[in-house]
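A.B. asks: Could you slot chain A with the ligands onto chain Y? The hints should help.
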Amino acid sequence: MSPPLLDIQDLQVDFHTPEGIARAVDGVSLAVLKGETVGLVGESGCGKSVTSLAILGLIPSPPGKISAGRTLFEDRNLLAIGPQALRRLRGKEISMIFQEPMTSLNPVLPIGRQVAEPLMVHRNLPRSAAMEQAADYLERVKIPSARKRLNDYPHQLSGGMRQRVMIAMAMICGPKLLIADEPTTALDVTIQAQILSLMMALKEESRMSMLLITHDLGVVAQTADRVLVMYAGEVVEAAPVTDLFDHPFHPYTQGLLRSMPRLGGHDRGRRLKEIPGTVPPSTETLVGCKFADRCPDAFDRCRKEKPEPAGIDRDHWARCWLFEFPKKRGVHG
Amino acid sequence: MIPYFIKKCITLLLLLLLVSITVFSVLFVLPGDPAQIMLGINATPESLANLRSELGLDQSFWAQYFQWLAQLVTSQGSRSLNYDMPVNTLIVSRLAVTGPIALLAMVFAVIISLPMGIYAACRQNRPADVSVMFFTQFGLAVPEFWLGILLILFFSVKLGWFAAGGFPGWTVDVWGSFKAILLPAFALGVIRASILTRLTRSSMLEVLREDYIRTARAKGLMERTVIYTHALRNALIPVLTIMGLQLGQLLAGAIIIENVYYLPGLGRLVFNAIGQRDLPVVRDVVLFMAAAVVVVNFIIDLAYAYIDPRVKLK
Ligand SMILES: Nc1ncnc2c1ncn2[C@@H]1O[C@H](COP(=O)(O)OP(=O)(O)OP(=O)(O)O)[C@@H](O)[C@H]1O
Ligand SMILES: [Mg+2]
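Just so you know, the sequences run in chain order Y and A. Under my numbering, the letters of the first sequence match residues 1 to 333, in that order. Under my numbering, the letters of the second sequence match residues 1 to 314, in that order.
It cannot be assumed that every hint is accurate.
[Stated by the list, open to error] Listed next, the in silico SDA-like pairs over lysine to any residue satisfying Cα-Cα at most 25 Å (straight line):
{"id": "1", "chain 1": "Y", "residue 1": "Lys-176", "chain 2": "A", "residue 2": "Arg-214"}
{"id": "2", "chain 1": "Y", "residue 1": "Lys-65", "chain 2": "A", "residue 2": "Asn-125"}
{"id": "3", "chain 1": "Y", "residue 1": "Lys-176", "chain 2": "A", "residue 2": "Ile-213"}
{"id": "4", "chain 1": "A", "residue 1": "Lys-8", "chain 2": "Y", "residue 2": "Leu-109"}
{"id": "5", "chain 1": "Y", "residue 1": "Lys-148", "chain 2": "A", "residue 2": "Ile-2"}
{"id": "6", "chain 1": "Y", "residue 1": "Lys-65", "chain 2": "A", "residue 2": "Val-226"}
{"id": "7", "chain 1": "Y", "residue 1": "Lys-65", "chain 2": "A", "residue 2": "Glu-223"}
{"id": "8", "chain 1": "Y", "residue 1": "Lys-176", "chain 2": "Y", "residue 2": "Met-120"}
{"id": "9", "chain 1": "Y", "residue 1": "Lys-148", "chain 2": "A", "residue 2": "Arg-310"}
{"id": "10", "chain 1": "Y", "residue 1": "Lys-92", "chain 2": "Y", "residue 2": "Arg-147"}
{"id": "11", "chain 1": "Y", "residue 1": "Lys-65", "chain 2": "A", "residue 2": "Gln-124"}
{"id": "12", "chain 1": "Y", "residue 1": "Lys-176", "chain 2": "Y", "residue 2": "Glu-93"}
{"id": "13", "chain 1": "A", "residue 1": "Lys-7", "chain 2": "Y", "residue 2": "Val-108"}
{"id": "14", "chain 1": "Y", "residue 1": "Lys-65", "chain 2": "A", "residue 2": "Leu-208"}
{"id": "15", "chain 1": "Y", "residue 1": "Lys-65", "chain 2": "A", "residue 2": "Pro-127"}
Rather than coming from a laboratory, the hints here were simulated on the basis of the structure.
In isolation and in its complexed conformation, chain Y is listed as follows (with noise of 0.2 Å):
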C-alpha cells in the first residue's frame, strides 16, 4: 500500500484562554489516501475546525498554539517547514473551502479577482492571463454566464454561487487535498445536494483527496470512504464508510445515529433524539474516557483510565472499554 497523501500524526491543539489552557485538538491521528475521501463528524465545539485549520497552519494565534504532533504531507512535516515553505502549499497543493459563504469571499473586491489570485502568487501568471483561466474555471463549476460575472461583487451573489465561487477559488490551481469545512451547511437543501455533487465531480476528474469535515451524517454517508467521529478533540472511532453505519461501535457512535433523520425524509422535522448531557469543557483534565459521563454504558474504569483505540475489524477501531467488556453494553437503541 502506498503511503498516505496526508498523514497526521497525535496533533495537539491549545487555546489559551483566560479561564485556563483549553485543549481542543487532543491527541488526533489521521490519514488520507490518494484520491480518498475521509469524512470527519463530530458534534459542535469537537474541535474538526480546528484540526483542519491547524493543518495549512492557519490557527489563530495567539490564542492558539500547536503544541505537540506531525503532520506529513507526502514526505514533508508541514509543522516544521516554516511559514514561507507553507505558505506557497497552501491554495496550490492544499486548499480549503469554509462553512460561511457570505463571509468567507471579501466583499470589496470582484469575485473574478479573487478566483485568479491563487494563480498570480502561485503560477506568476499575469493579472489578465489568471482572469482568463479564472473564468474558465468559474464555466466549470456552473456559474451562469460566468465571464460577465467577472465583475461582480460577493453580495450579488446567491448563497450557492458565492459556495460555488470559493471551490473554483481552491480548485484553480489543483490541489493534491481539498479541506472542505462543512461546505453545505449553510446553504438550502437542494442547493446543498447541487453543490455536494458539484464537488464530488471536480474529485474525480483530478483524483484529488478530500477531507470532509461535517456534522450532517447523511452528507457522510454519501460521500466518504472513510469516517472519522470525534469527541472533545479526539478521535473516538474509525472505520470505513459502510462499517461505520452497518456496525457504530463507540456509544457515542450510536448516539449520533440514532440522532440522525432517516435518509429517505419522512420524519425530517421530528424531534431528533439528543444525547442526553453536554460536552466536557476542554480547559478541565479528565482522567478516564471523556465521553463516560454522557455514555449509557459507562461503568467504573471509564471513569478511571483512557482507553486507547482498540480494532474492531480491519481498519475498523474504537476508544472505548466496552471493546475488553462487551457484555456490559447495555440494551438500547
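C.D. replies: Relative to the frame of chain Y, chain A with the ligands by itself:
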C-alpha cells in the same frame, strides 16, 4: 452608481438649505443691532431707521433670508461692517491660509496614522503596539495650543528654522508662506493622527479576524497582500468617515492654533468678527464652515461608493 450619486446630490442640496436657514435664524434672534454698531451709540433715531431700511433690517424674516440667499447665489455677497469689503473676498483671502493648513494637517495625519495603525494591529499587544498606543495616548491628552507652543520653542526659538509666527502671504513669499503653515499644520496633524491611528488599529484588528482574511491566507497569498489588499480596503471604510469629519472641521479654521501662530485664517476672522459684532461676517463665515463640513461629507460618501461596492445598492 448614478441613482446613488443623484440621491447624494439631492441630500447635499437639502442639507445646505437647512444649514443656511439654521445659521440665519440663529443670528436673526441674536441681540445686537448692526445699524447701531455701524453708527455708534450717539446715532440719532432717524439715521438708525434710515440705515435699517437701507440694510433691509426692517423687513420680515423670510424676506431678509431670501435676500441674503439671493446675494450669496449671485455672488455679490454681504459686506463686512468692520472691514468695509465684501465678505466673500474676506473668506477667500482667509481660506488661502486655512485651506492649505487643513490639507497639510490631514496629509500629516494620514501619513502618520495609517502606517502606525497597521503596524500596531499586526503586532497586537507586543511592545511595538504598546508604544504606538502610548504615543496616541499622549497625542490625545496634549492640547493643540501647547504642542504648537512647544514646536515654536524648539524649531523657531532654539533652532531658528522657522519664523515664530505671522504669515507673509502667498503672492509675496511662497516659500516663506509654506514655512509659516508647516508647524501649525504639523501640530494639528499630530493631534488628529492619534485618533486616526487608534481607529485604524482597531478597525484592522476587527477585519483581520474576518473569515475572508482566513480565506486569503488559505489561498497562500503573501502576508503583505493579505494586509494591504484584503484587509486595509475593508478597514479603511470606518476610518474614512472620521477623516472626512476632521477635514471639514479643519477647513472651518483652527481658532486657537491660528492665534498661537498669528495666522490670518478663517478661525481668527470669525473670532474677531464675533468680538466686533460684525454680523454679516459671522453669518457668512459660519455658513461657509457648515457648508465645508457638509460638502466634505458628500465627497466622502462618493469615495465610499468607490471603495465599498455594497454601498451602490443601498
Ligand atoms: N480562537 C479561539 N479561541 C479560543 N478557543 C477556540 C478558538 N477557536 C476554537 N476554539 C475552541 O476549540 C474548540 C473546537 O472548536 P472547533 O471550531 O474546531 O469546533 P468544530 O468541531 O469545528 O465545531 P462546529 O461544528 O461548530 O464548527 C471549541 O471548544 C472552541 O471553544
Ligand atoms: Mg467548525
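A.B. asks: Against each hint, give a clear statement of whether it holds in the structure.
C.D. replies: These are the hints, each one checked on the structure:
Between Y:Lys-176 and A:Arg-214, the direct Cα distance comes to roughly 20 Å. Compliance with the 25 Å bound is thereby established for this hinted pair. Only pairs whose Cα atoms come within 25 Å are accepted, and Y:Lys-65 paired with A:Asn-125 is accepted, the gap being roughly 17 Å. Pair hint Y:Lys-176 plus A:Ile-213 holds up; C-alpha atoms about 23 Å apart against a cutoff of 25 Å. Proximity of A:Lys-8 to Y:Leu-109 is assessed by CA-CA distance (about 24 Å); at most 25 Å being required, the pair is judged to hold.
Taken as a hint, the Y:Lys-148 and A:Ile-2 pair is honoured in the structure, with Cα atoms around 21 Å apart against an allowance of 25 Å. Proximity of Y:Lys-65 to A:Val-226 is assessed by CA-CA distance (about 21 Å); at most 25 Å being required, the pair is judged to hold. At roughly 19 Å between alpha-carbon atoms, Y:Lys-65 and A:Glu-223 fall within 25 Å of each other, so this suggested pair holds. Using a Cα cut-off of 25 Å, the hinted pair Y:Lys-176 and Y:Met-120 holds, with the two alpha carbons roughly 19 Å apart.
For the given pair, Y:Lys-148 sits about 18 Å from A:Arg-310 by alpha-carbon distance, which is consistent with the 25 Å threshold. For the proposed pair Y:Lys-92 and Y:Arg-147, the alpha carbon gap of about 23 Å is at most 25 Å, so the pair holds. At most 25 Å may separate the alpha-carbon atoms for a hinted pair to count; Y:Lys-65 and A:Gln-124 meet this at roughly 16 Å. For a cut-off of 25 Å, the pair hint linking Y:Lys-176 to Y:Glu-93 stands: about 5 Å separates their Cα positions.
A threshold of 25 Å between alpha carbons decides the hint, and for A:Lys-7 with Y:Val-108 the separation of about 22 Å falls inside it, so the pair holds. A distance of roughly 18 Å separates the Cα atoms of Y:Lys-65 and A:Leu-208; the hinted pair therefore holds under the 25 Å criterion. Pair hint Y:Lys-65 plus A:Pro-127 holds up; C-alpha atoms about 21 Å apart against a cutoff of 25 Å.
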